Amino acid sequence: MWSSTRRGIIKYDLCQGLRANMWKFLAGAVPFFGVVMIVQERSVLFSTEPSFFEYFIYLFKGIRNYTPVPGQQFEVPILWMIVQVSMALIVYDYPVVNLEKYGIQTIIRAKSRALWWFSKCIWVAASVALYYAVGILIILGACMLMGKISFIADQEWNMVMNELDVSLIANKQLWLICICIPLMSSIALSLLQLTGSFVLSPVYSFLLLLSYIVISVYYNHSCFMGANSMILRNEFAMAGGNTLSGIVITNIIVMCAAVFGGYIYFRRHDIY
Amino acid sequence: MIILKNLDKELNGNAVLTDINLELSKGKVYGLQGKNGSGKTMLMRAVCGLIKPTGGYVEIDGERLGKESAFPESVGCLIENPAFVPYYSGLKNLQILADIKGRIDKKDICLMMERVGLDPGEKKPFRKYSLGMKQRLGIACAFMEAPDIILLDEPFNALDTEGVEMLKNLLGEAKEKEATIIVACHDKEELELIADEIFVMENGKIMEHKS
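Here the protein sequences come in this chain order: L and G. For the first sequence, the working numbering begins at 1 and goes up steadily by one. For the second sequence, the working numbering begins at 1 and goes up steadily by one.
So here's chain G without its partners, still in its complex pose:
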């Protein structure tokens, strides 16, 4: 379970997150809805351990981030634009990242690439990928190690109908495996299709909770 308690974050004197209180269970998809600059991405960064709260805390399975652990034990994320090494192929990019943990091998990566509709044998470097292909690679990267927490920021960007369907399937499977999934999206309708609960954000605050 992920608990965010009285979470505040200020950057350069501006409040980007204010008094966030959330309890997120395993096996559910949570939606963060809000306009640009409403704090969705910052909230995800806080859950990832990438930013340090000014006040309050993030607790994951009983461990406070920044105290007991610096980062969640198992997290996959796609935050903002998918960023990879521009001159490596998609497979090489995922392989070099997977090597850090050493939990999955090339075969697993190839399977995940095929799942998202990418050809693992494609030699084209990442910089020559289309926007949709970049997004699919970002999604593959977030899901490939079957993490306990999955954070997806605007995952529908640049995806065609087939891509949206693929993402829904992946989300469904991750839910079955008891992953906690947070999806940020400015589009209410897309979010309603996949999320079990939706939090509406505005100016760094949770304004509404829809179940």
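Next up, chain L with everything else stripped away, as it sits in the complex:
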């Protein structure tokens, strides 16, 4: 009985929640199309076609640690930022609105606030994963249009375009820093946003998350993990950069804090 209820509510959230936000996934694909256009436009400068990784490194490279120097402007990593905003918009108010409307029917049938809450956490993780899947498909499509799909990062390309020496990075590590780490960091931040949307409100949670991400880009401090997904800030791109194990541990701590902290709050939350 428990397992059929659990399956039922998770299925409900996945089918209904993903469908409800379909237009946001489409709108959120803009940065992926943006990176495809930029990379393809600049490909004339190089002798080889860009590989799958060139697109992702360009998208998630971000900026190196910022040290304020008089006269030097703070450069906002636009594409990276748009990806973060897109994911924050996907989560935005869906869980709160769902609870106020048809969520009442699901929660009384599930007979468990925990089940409802964890189902929403699964929805958040699935939505972020789907968003990345959309991005991967768009970039694979772009690679195909360019003639071939290659998963070998080009040294020249990345030195010039991304200021990254890929000869120091194994292919498996590229998968980690280009896909796995950004995905995990995005899930951690989105779960934090989910909890915030119930504790504060969807609008405040959204604005707070964006402020936190901007501060994370500006200040390089372990408390600000918003920039964890930036490739140029990790140990492969700079001496003393964020270690992969450090990023993974921070993300796991944030995920657990968001999921369990949110649940503790939600247990006492009035639904009306």
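Hint data in this document are derived by calculation from the structure and do not stem from the laboratory. Just so we're clear, the structure is a prediction, and the values are computed from it rather than from any experiment. Each statement offered as a hint is correct.
Here are the simulated DSS-like pairs of lysine-lysine, each with C-alpha atoms no more than 25 Å apart in a straight line:
{"#": "1", "chain 1": "G", "residue 1": "5", "chain 2": "G", "residue 2": "28"}
{"#": "2", "chain 1": "L", "residue 1": "101", "chain 2": "G", "residue 2": "106"}
{"#": "3", "chain 1": "L", "residue 1": "101", "chain 2": "G", "residue 2": "128"}
{"#": "4", "chain 1": "L", "residue 1": "111", "chain 2": "L", "residue 2": "101"}
{"#": "5", "chain 1": "G", "residue 1": "67", "chain 2": "L", "residue 2": "111"}
{"#": "6", "chain 1": "L", "residue 1": "101", "chain 2": "G", "residue 2": "52"}
{"#": "7", "chain 1": "G", "residue 1": "92", "chain 2": "G", "residue 2": "134"}
Given chain L's structure and the hints, the job is docking chain G onto it.
Chain G in isolation, oriented as in the chain L frame:
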């Protein structure tokens, strides 16, 4: 049996329910009568386990809500406006909800939809339903799993004469199956037609009990 003992609820510093004491038996229809904002809907939410009492408790068949159980074991409700997924058909909406418990199948849902005067084969999404159709779907949702407790908030809204008759029949059948039914309505006459006992509410308090 549902027992509400010294039930208080405050929201943002305002008392929305004050010292509610009720004992509700199986196989009866209880009416909650009162103006808008008198606390009828909040009382239903408390019985559903959706709001946590500030004081007192709700006990259902010997189990206190919020302690022994978070929600009633078997409850069907129509609280405020019927809210469903706007782009799914009526049948799909009920099916996806029924899948959570897995107690009834598509055939049962179709039968219930026909009982309330809706066509299960209707492909029209919920957002294109008329007000009356939305209300009928909400009623079907509350009754479809034959719950032990049925909570209906303003169930007569947007129903035509035929719809009112259908609702009365459903209530009668649920009573025979020993369900505890609470119906909130601002209209005294409509409530008197269906309720065995009526509680008049005002400012979150029970002011009068009519048998």
